[in-house]
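Chains as they are written, first to last, in this note's numbering: chain A, 1 to 183; chain B, 1 to 221.
Do not rely on the hints blindly, as some may be mistaken.
[Unchecked claim] Residues on chain B that point at chain A, a partial pick, calculated with CB under 8 angstroms:
(1) 1
(2) 3
(3) 4
(4) 5
(5) 32
(6) 33
(7) 37
(8) 59
(9) 76
(10) 78
(11) 81
(12) 83
(13) 85
(14) 88
(15) 89
(16) 171
[Unchecked claim] Restricting the straight-line Cα-Cα distance to at most 30 angstroms, the calculated cross-link-like pairs of lysine-lysine (DSSO-like) are:
(17) A:147 with B:18
(18) B:92 with A:156
(19) B:41 with A:149
(20) B:18 with A:104
(21) B:172 with A:104
(22) B:41 with A:174
(23) B:172 with A:168
(24) A:147 with A:104
(25) B:33 with A:97
(26) B:161 with B:149
(27) A:126 with A:174
(28) B:117 with B:172
None of these hints come from the bench; they were simulated from the model. Cβ coordinates follow ideal geometry from the N, Cα and C atoms, glycine included.
Listed here are the chains, written in short residue letters.
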Amino acid sequence: MTNLESGVSPLLLEYTSETSNDYLTHKAVNNILDYEVGHRLKDIRGKFSDFAEIDIPKNPFKINSIGKKGYYDDRNYSTASYSWIGYVTCINKGTVKANLRDIKNNSTIKEEVEFNIQDLDNEDAKMVEVGSVFYWSIGYSFRNGTKRKESFIRLKRLPSFTQEQIDKALDWAKNANDNLNWD
Amino acid sequence: MLQSNQQVRTLGVVVLGKFNPAIIQPYWLSGKKLIQESEAKNANVEIVHPQLTRISIGDWLFLEVSSERFEFRSSQEGFFPTLQDLILGIFKCLPETPITGIGINHIMHFLITNPEKYFEFGNRYAPLETWQEVMSEPRLINLNFIENKRRDGREGHFMIKIEPSNILEIKKGVAVSVNDHIAFGENGDGLTLIDNIVECWEPSFARAAEVVNKMSVDLKF
Numbered sequence: 001m002t003n004l005e006s007g008v009s010p011l012l013l014e015y016t017s018e019t020s021n022d023y024l025t026h027k028a029v030n031n032i033l034d035y036e037v038g039h040r041l042k043d044i045r046g047k048f049s050d051f052a053e054i055d056i057p058k059n060p061f062k063i064n065s066i067g068k069k070g071y072y073d074d075r076n077y078s079t080a081s082y083s084w085i086g087y088v089t090c091i092n093k094g095t096v097k098a099n100l101r102d103i104k105n106n107s108t109i110k111e112e113v114e115f116n117i118q119d120l121d122n123e124d125a126k127m128v129e130v131g132s133v134f135y136w137s138i139g140y141s142f143r144n145g146t147k148r149k150e151s152f153i154r155l156k157r158l159p160s161f162t163q164e165q166i167d168k169a170l171d172w173a174k175n176a177n178d179n180l181n182w183d
Numbered sequence: 001m002l003q004s005n006q007q008v009r010t011l012g013v014v015v016l017g018k019f020n021p022a023i024i025q026p027y028w029l030s031g032k033k034l035i036q037e038s039e040a041k042n043a044n045v046e047i048v049h050p051q052l053t054r055i056s057i058g059d060w061l062f063l064e065v066s067s068e069r070f071e072f073r074s075s076q077e078g079f080f081p082t083l084q085d086l087i088l089g090i091f092k093c094l095p096e097t098p099i100t101g102i103g104i105n106h107i108m109h110f111l112i113t114n115p116e117k118y119f120e121f122g123n124r125y126a127p128l129e130t131w132q133e134v135m136s137e138p139r140l141i142n143l144n145f146i147e148n149k150r151r152d153g154r155e156g157h158f159m160i161k162i163e164p165s166n167i168l169e170i171k172k173g174v175a176v177s178v179n180d181h182i183a184f185g186e187n188g189d190g191l192t193l194i195d196n197i198v199e200c201w202e203p204s205f206a207r208a209a210e211v212v213n214k215m216s217v218d219l220k221f
């Protein structure tokens with residue numbers, strides 16, 4: 001099968017004649033971002049196994065400017081007077097019960113708290129369930145010279161484990177158990 | 001206590017290795033459930049390009065990725081644990097990324113309204129009378145200290161920098177930067193990074209606090 005038959009565009013073919021895989025990947029991604037994202041990415045992934053995992057939707061962004069300083073401004077900052085990490089123990093009629101641990105002072109004391117589910121962002125409110133881990137911070141925010149008291153709760157976000165990672169962990173646990181020597 | 005004079009605290013995490021900047025986009029992050037979808041939608045995208053990506057997520061995160069450097073920065077103290085999760089999450093998704101080292105940088109800006117205390121910040125660590133024979137009213141611009149052999153035995157270095165703050169009022173602001181750099185060598189990858197972040201994150205914060213405590217005692221705050 002030729003490259004054209006496999007659905008790779010002529011534009012991409014031009015770059016496949018280069019020798020450096022990194023260069024190929026970059027150029028190809030550049031063109032994909034300018035044109036289509038979907039099936040061409042799959043073609044590239046098949047061709048270059050060292051290409052990082054990618055499954056982004058079509059890029060909706062435009063380049064605005066390239067300056068030395070980005071949009072981010074350290075002058076708009078916030079302080080955390082109190083910070084906790086918590087996990088949800090019960091959700092009932094819009095009320096969330098949770099256990100907290102003070103991470104600002106590295107405390108081991110467990111505190112209990114109740115809050116309204118509406119204290120969460122809409123997206124977090126949809127995701128929250130018993131066992132969810134969250135951060136709660138109370139402090140002051142400074143935006144454009146204005147100081148405000150601020151409190152926010154945010155769910156902890158980590159990608160779920162893959163089956164391979166779970167298998168690896170189970171293997172490790174089995175191995176550790178098998179090699180455990182009791183005195 | 002010097003700590004009570006702290007105004008802005010910025011956390012910068014710089015990861016060194018080989019990266020593909022073009023894939024680090026807001027929707028890639030939300031697709032991996034690492035940020036909220038609304039944050040991806042409202043992200044400020046300055047540039048997404050094969051050589052450089054520079055984006056801000058809400059007001060809590062600045063990201064800049066080039067082919068050899070991946071920088072995370074936040075001045076929202078309440079989001080520092082979230083920033084740690086984001087780094088762990090990204091490299092959990094990209095475990096085979098070659099990584100040679102990481103720098104956890106704490107930049108703390110202190111407001112010093114007392115001119116004598118402000119003067120002492122430099123004078124205590126680099127006595128200015130040393131220069132009075134050859135300079136008229138010498139003043140310190142910045143000071144850098146480095147620990148080349150890390151006391152925790154890891155490869156890398158530890159640096160402290162003291163200089164006037166570029167954020168706070170002139171002659172009233174002092175910035176203390178702590179650069180905690182851990183080198184992995186050529187065999188490091190995303191998983192090496194994850195292990196080191198998990199193990200070194202809290203000790204790094206503790207050591208930055210130790211530096212400020214020491215200065216607080218030295219300068220009699």
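- Of the hints stated earlier, which fail here? 1, 2, 3, 4, 12, 16, 17, 20, 22, 23 and 27
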